[in-house]
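For the protein sequence lines, the chains are A and B, in the order given.
Per the numbering used here: the first sequence = residues 29 to 393.
Per the numbering used here: the second sequence = residues 29 to 393.
Simulated from the structure, these hints should not be mistaken for laboratory data.
Mixed in with the good hints there might be a few duds.
Note: identical chains are not told apart, hence a pair may lie in one copy or across any two.
Unchecked claim - Quick list of in silico lysine-lysine cross-link-like pairs, DSS-like style, CA-CA up to 30 Å:
#	residue 1	residue 2
1	281	85
2	257	195
3	358	204
2 protein chains.
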Amino acid sequence: MSRRNFLVQSGAMGGALASLAAPALAQTGNPEIRWRVASSYPRSLTGIFSAMEMVAKRVGELTGGKFNITVHPAGELVPPLGVLDAVQKGTVEAGHSASYFYIGKDPAFGFHTAMPFGLGLRAQNAWLYEGGGQALIDEFLAPYDVTVMAVGNTGAQMAGWYRKEIKSVADLKGLKFRIGGLGGMVLAKLGVVPQQLAAGDLYPALEKGVIDAAEFVGPLDDEKLGLQKVAKYYYYPGWWEGSATLGLFVHLKALNALPALYQTALRTATAEANQWLTMKYDNENPQALRRLVAGGALLRAFPKEVTQAAFGAANELYAEMAEKSAPFKKIHAHWAKFRSEQVMWQQLCDLPFDNLMSALLRGKG
Amino acid sequence: MSRRNFLVQSGAMGGALASLAAPALAQTGNPEIRWRVASSYPRSLTGIFSAMEMVAKRVGELTGGKFNITVHPAGELVPPLGVLDAVQKGTVEAGHSASYFYIGKDPAFGFHTAMPFGLGLRAQNAWLYEGGGQALIDEFLAPYDVTVMAVGNTGAQMAGWYRKEIKSVADLKGLKFRIGGLGGMVLAKLGVVPQQLAAGDLYPALEKGVIDAAEFVGPLDDEKLGLQKVAKYYYYPGWWEGSATLGLFVHLKALNALPALYQTALRTATAEANQWLTMKYDNENPQALRRLVAGGALLRAFPKEVTQAAFGAANELYAEMAEKSAPFKKIHAHWAKFRSEQVMWQQLCDLPFDNLMSALLRGKG
Chain A
29 MSRRNFLVQS
39 GAMGGALASL
49 AAPALAQTGN
59 PEIRWRVASS
69 YPRSLTGIFS
79 AMEMVAKRVG
89 ELTGGKFNIT
99 VHPAGELVPP
109 LGVLDAVQKG
119 TVEAGHSASY
129 FYIGKDPAFG
139 FHTAMPFGLG
149 LRAQNAWLYE
159 GGGQALIDEF
169 LAPYDVTVMA
179 VGNTGAQMAG
189 WYRKEIKSVA
199 DLKGLKFRIG
209 GLGGMVLAKL
219 GVVPQQLAAG
229 DLYPALEKGV
239 IDAAEFVGPL
249 DDEKLGLQKV
259 AKYYYYPGWW
269 EGSATLGLFV
279 HLKALNALPA
289 LYQTALRTAT
299 AEANQWLTMK
309 YDNENPQALR
319 RLVAGGALLR
329 AFPKEVTQAA
339 FGAANELYAE
349 MAEKSAPFKK
359 IHAHWAKFRS
369 EQVMWQQLCD
379 LPFDNLMSAL
389 LRGKG
Chain B
29 MSRRNFLVQS
39 GAMGGALASL
49 AAPALAQTGN
59 PEIRWRVASS
69 YPRSLTGIFS
79 AMEMVAKRVG
89 ELTGGKFNIT
99 VHPAGELVPP
109 LGVLDAVQKG
119 TVEAGHSASY
129 FYIGKDPAFG
139 FHTAMPFGLG
149 LRAQNAWLYE
159 GGGQALIDEF
169 LAPYDVTVMA
179 VGNTGAQMAG
189 WYRKEIKSVA
199 DLKGLKFRIG
209 GLGGMVLAKL
219 GVVPQQLAAG
229 DLYPALEKGV
239 IDAAEFVGPL
249 DDEKLGLQKV
259 AKYYYYPGWW
269 EGSATLGLFV
279 HLKALNALPA
289 LYQTALRTAT
299 AEANQWLTMK
309 YDNENPQALR
319 RLVAGGALLR
329 AFPKEVTQAA
339 FGAANELYAE
349 MAEKSAPFKK
359 IHAHWAKFRS
369 EQVMWQQLCD
379 LPFDNLMSAL
389 LRGKG
């Protein structure tokens, strides 16, 4: 595979850009810049992948087509979980991924995406954009020569598909559950045996009983996998992803080499996409959920005993991680305080309103 | 006051634009266009007013300063509630307001902002941008020669400040409550006497007992009025504004005369601002609420009896409005179905997660 490396070419590129930096040329002399974005996601994820394509399209429109971003689905340029490395090395200028895929490098990578018992969508957005979260994450990412921009949030995810009901913590012992990252690490403390499988392998693995349960995203994406046919219990909520932010990793050198207009276009377009993905899911998930239930899915909530035990396990895990990673410790302290404030506020305003509407409309049948 | 009218000048402007319409000139020959935006809001509303200023700033950045939007606070160009008229008449190209201020013209103006027992923030955004709400509203607005773009959502608002506790529906009889619009109309059915006062008049009116209660927005904005000193009971949630969308009314002729780049810049910037305002409030409301409680505010939830009676009154009101307004009837049918779907979905995912976090963190003390 012949891959150019923009860092190798950056001497020439930097020179060309320097001559175009005068503000007077912002509209008349915009340089042609091409970026390749490697995604961790396939095109079949119509929400997540489309949000990144929306960014590319919008940036093109806002720059008269001069800033040209192409989005390459998982595996086309680099392996799905090799996206961050590819950005860091300069194989591509940017990568569409989820920060928490990289907790093996440092658990602090979890915060940009989702943490078990973490921030709901509103709180996550507020923390990243307004509450100081982005600055802390950028400080942590600086040694990797990258930044990460939010490009979509799924909202709270479902907790996945189970062949048997989970009635107590005891039912978690030995459960072969396809779940990755921090959620898997929390559940492992309660006896779960986390499994790693590609999305396409979930159906046969559940059908044959190779695994007992699998989580993915929510109704819209889960429906495509057909899991309700082989694991009928559909649990909620996915407390390991109370919201999940998709991320656009960008090499700092590539970002800083952009004219101001292109940087603004990129930041504005990612903000638009971040809001759009949630609306896309919220609009389409209810219909997908209805189809899943009509197709045999049985909805179940985790018992309180299970979520309380998991919350204890998560706090234990965070204490361990803070011992091992200074960035994790620093970000976690800020994040945990923010979480408390947000929950306090939310339970006085949006949460009572939402609970009220739920009660009133249920009452109407 | 000397006011130009862009409609009067549109012959000349239209001709100038026609000669610049070729795509090849999108970057090299962007025309200079100036818009004046009249706002219904004062600068002191640092969230709401700043969101509109953010749009103006971003549009300028994205067009090399060629599309110049100036935002004029309430009263500077036209009276605060005369904004829609000013846009419709062409006194200004666009107006920053809230659609529900204009329900006197037609109750269908309520849907873009907030309806009692309406859509929470997530559902409101999904309905407007993805669920078909914007198209219905645009169809309704076409005879007014305007469209309206979302430029910020406050999230669920607080229910305001009361000199006495509300323990039953009987306590609403004769209550002189400063509340406008549809919320006031619902409460009037339960005996409330709605009052109209400017924000600056609320403190003396409550202090002197001229009114018994007043609602405004939420902690961040309410704090500036000092109402906790004269009406200590702070109720939640504001079920008449489970979320509230600010709107940028734009004259269709002015919008359609913009080059494609400027239209895209405007739409992208408004989407960014729509998300930003919520983050701004969510980040700052908790701290403001803490200060209010420290200053003597006593938090209270409406009793179930009161909210159920109000829900009945709202449904009665909507049936009456549907009789009188065909646009209301059409939009309400779509909106009510969307609301049911959203509440069904939400109560299976985000709501259980948010309730779980509330219970777990309260348990921690």
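**Same-copy or cross-copy closeness of residue 257 to residue 195 [CA-CA at most 30 Å]** = So residue 257 and residue 195 pass the 30 Å test inside one copy only (21 Å; across, 50 Å).
**Within, between, both or neither, where residue 281 and residue 85 count as close if Cα-Cα is 30 Å or less** = Intra 22 Å, inter 26 Å, cutoff 30 Å: intra and inter.
**Asked** How would you label the pair residue 358, residue 204 (within, between, both, or neither) given a Cα cut-off of 30 Å?
**Response** neither (33 Å within a copy, 50 Å between copies)
In this structure, only the earlier hint numbered 3 is contradicted, and the remaining ones agree with it.
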